[in-house]
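Generate coordinates for the entire structure from the input sequences, incorporating the hints supplied.
Which chain is which? The protein sequence lines are R and G, in order.
Heads up: the first sequence begins at 0 in numbering that gives the first Met the number 0, then just goes up one per residue.
Heads up: the second sequence begins at 0 in numbering that gives the first Met the number 0, then just goes up one per residue.
Everything hinted at is true.
Some chain G residues well away from chain R (every beta-carbon gap over 12 Å; in silico): (1) 43; (2) 44; (3) 53; (4) 54; (5) 55; (6) 71; (7) 107.
Simulated restraints on C-beta separations: (8) 99(R) x 187(G): 55 to 61 Å; (9) 208(G) x 5(R): 34 to 40 Å; (10) 111(G) x 51(R): 55 to 61 Å; (11) 5(R) x 31(G): 35 to 41 Å.
Chain R is faced by these chain G residues, among others (derived, beta-carbon under 10 Å): (12) 292; (13) 303; (14) 312; (15) 324; (16) 328.
If you're looking for bench data, these hints aren't it; they were derived computationally from the structure.
Treat the numbers as computed from the prediction; the structure is a model and nothing was measured.
Think of the CB as a built atom: it goes at the ideal place given N, C-alpha and C, for glycine as much as any other residue.
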Amino acid sequence: MLTISNPATFDWAGMSLADCAEGNARDTYFTLKLYDLLLEKLEGQPVMTLVENVIMPSLELFSDMEYNGLQVDTSQLDAVGRQLEGQNMNLEDELYECKGVKTSQSFTSNNDLCDILYLDEEGMGLYPPDRTGKGSPSVSAPTLKLLLEHIEEELQTR
Amino acid sequence: MFNLDKLYQGHKPHGDNPLCEGCTILDKNKSCHSVMDYEEVSTADTLILSDSIKYKMGSTQSFAPEEMRLLKEFYPADFVTAAAVKCPSVKEADMTANDLKICRVHLEATIDKIKPKLVIPCGNLAMKMLLKKSGITNKRGKSFDYETEAGHGCKVVPIYHPYACIKEPRHKVLLEADLKNAYEKYVLHKETKGDFKYTVVMNIDDLIALSDKLKDTDQTLGMDIETTGLNFLKDDIMTLSITSHENTWVIPLDHRESPFRKGEPDYAKAWTCVRRILENPKNRKVFHNAKFDLKFLINYGMHTKNVWDTKILHHILDENLPKSLMDLTKLYFASELENL
Chain R
0 MLTISNPATF DWAGMSLADC AEGNARDTYF TLKLYDLLLE KLEGQPVMTL
50 VENVIMPSLE LFSDMEYNGL QVDTSQLDAV GRQLEGQNMN LEDELYECKG
100 VKTSQSFTSN NDLCDILYLD EEGMGLYPPD RTGKGSPSVS APTLKLLLEH
150 IEEELQTR
Chain G
0 MFNLDKLYQG HKPHGDNPLC EGCTILDKNK SCHSVMDYEE VSTADTLILS
50 DSIKYKMGST QSFAPEEMRL LKEFYPADFV TAAAVKCPSV KEADMTANDL
100 KICRVHLEAT IDKIKPKLVI PCGNLAMKML LKKSGITNKR GKSFDYETEA
150 GHGCKVVPIY HPYACIKEPR HKVLLEADLK NAYEKYVLHK ETKGDFKYTV
200 VMNIDDLIAL SDKLKDTDQT LGMDIETTGL NFLKDDIMTL SITSHENTWV
250 IPLDHRESPF RKGEPDYAKA WTCVRRILEN PKNRKVFHNA KFDLKFLINY
300 GMHTKNVWDT KILHHILDEN LPKSLMDLTK LYFASELENL
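Written out as structure tokens, the structure reads:
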């Protein structure tokens with residue numbers, strides 16, 4: 000609710016009707032204004048056909064599913080899980096074949112990844128685009144994304 | 000080989016400052032300490048605070064040139080800058096609670112000297128120094144009241160650090176909006192009066208009339224519910240609000256002060272009226288985060304037809320921006336809010 004500054008700790012059940020009504024009314028007022036604005040911005044975009052015919056009608060369906068739950072074929076789910084695990088292992092094997100990557104190193108370890116990408120003399124020897132608060136080269140997802148952009152840029156200019 | 004460690008052996012903090020006594024940052028090897036960056040600035044309407052002093056080639060500054068360029072590009076008026084922590088390159092992790100407390104004296108002196116109407120701390124450390132609160136992601140763009148011990152009161156609106164926006168360009172939209180909103184609201188005191196008005200329906204005859212009016216309409220309606228909690232199986236719907244482009248109605252349902260709450264004679268009639276409005280397939284019912292509301296309504300046996308969701312629409316427009324109603328209202332309609 001727009002009128003409540005700290006919703007996580009707010010006593011919703013104890014709220015007076017006057018406050019509740021005002022907050023509730025403000026929320027819908029801005030929701031409708033937002034809808035008009037967004038519709039104007041999205042008007043004529045090809046995605047609107049998908050929004051009108053698939054995304055919005057499926058809201059009722061998804062709410063029903065979340066409310067009632069849905070039956071899951073656990074054996075099929077296990078099979079998909081095994082298949083994804085296999086694909087992951089193949090990708091890891093390919094990475095271990097890269098220059099400077101030791102089999103004792105794990106890609107899920109930040110320290111090992113840091114060694115492989117930046118620090119090991121026999122590793123990839125890349126320049127870290129960013130560092131952590133404590134000063135070591137960062138391997139966070141945004142940094143890796145940035146690193147990939149730098150590499151692509153570099154390859155394009157060569 | 001030259002030993003760097005020996006370079007700083009026996010290092011004494013420069014410019015012994017009695018206000019800094021007890022601060023552990025002074026024991027660290029810094030190029031300088033206690034830079035009183037506020038001594039030469041004059042009064043200004045807006046003060047933008049950086050995290051700590053930057054020391055480069057013998058000179059100190061609050062923001063790097065690139066960060067300063069970004070602030071000047073987005074802030075529509077003149078401003079002065081200062082650092083929240085007066086030693087160079089200090090990070091949040093370096094500072095103990097006592098260090099923060101000691102350094103706040105300098106910060107208060109900075110604010111008393113500049114006497115701003117609006118203080119904008121950039122990033123978590125600057126916000127923590129000022130407000131004693133952490134969590135810049137949730138608190139950015141909100142307004143807080145602040146008063147120094149000497150009695151100067153001002154508004155504080157924390158924002159992302161410009162460095163974070165250079166690193167993550169998707170944050171630039173938020174930085175620009177936060178700076179603009181803060182300036183318009185607390186320096187210009189600009190306010191746009193919207194056409195917001197609402198009626199609370201407290202009488203069953205009025206509710207029946209409303210239901211008759213809306214049950215066959217093809218007019219798009221904004222809708223929202225307020226609940227006693229987040230669990231759709233256990234918690235109750237206190238009120239339902241419906242907005243057309245002309246008016247807003249609030250229907251009290253299971254609120255303790257409602258004439259239509261469970262146990263009251265008009266309980267069933269009220270829900271029948273609500274059902275007729277919700278199950279009208281001819282008009283769009285627009286919610287924000289519709290699934291939350293729909294699950295509560297299903298628990299009351301209401302199956303809403305022709306639902307639209309502004310949270311999803313906005314995600315389609317720009318998936319990188321925050322999507323809460325509060326964030327989006329501040330982004331697009333900040334001038335209509337009483338406070339940020």
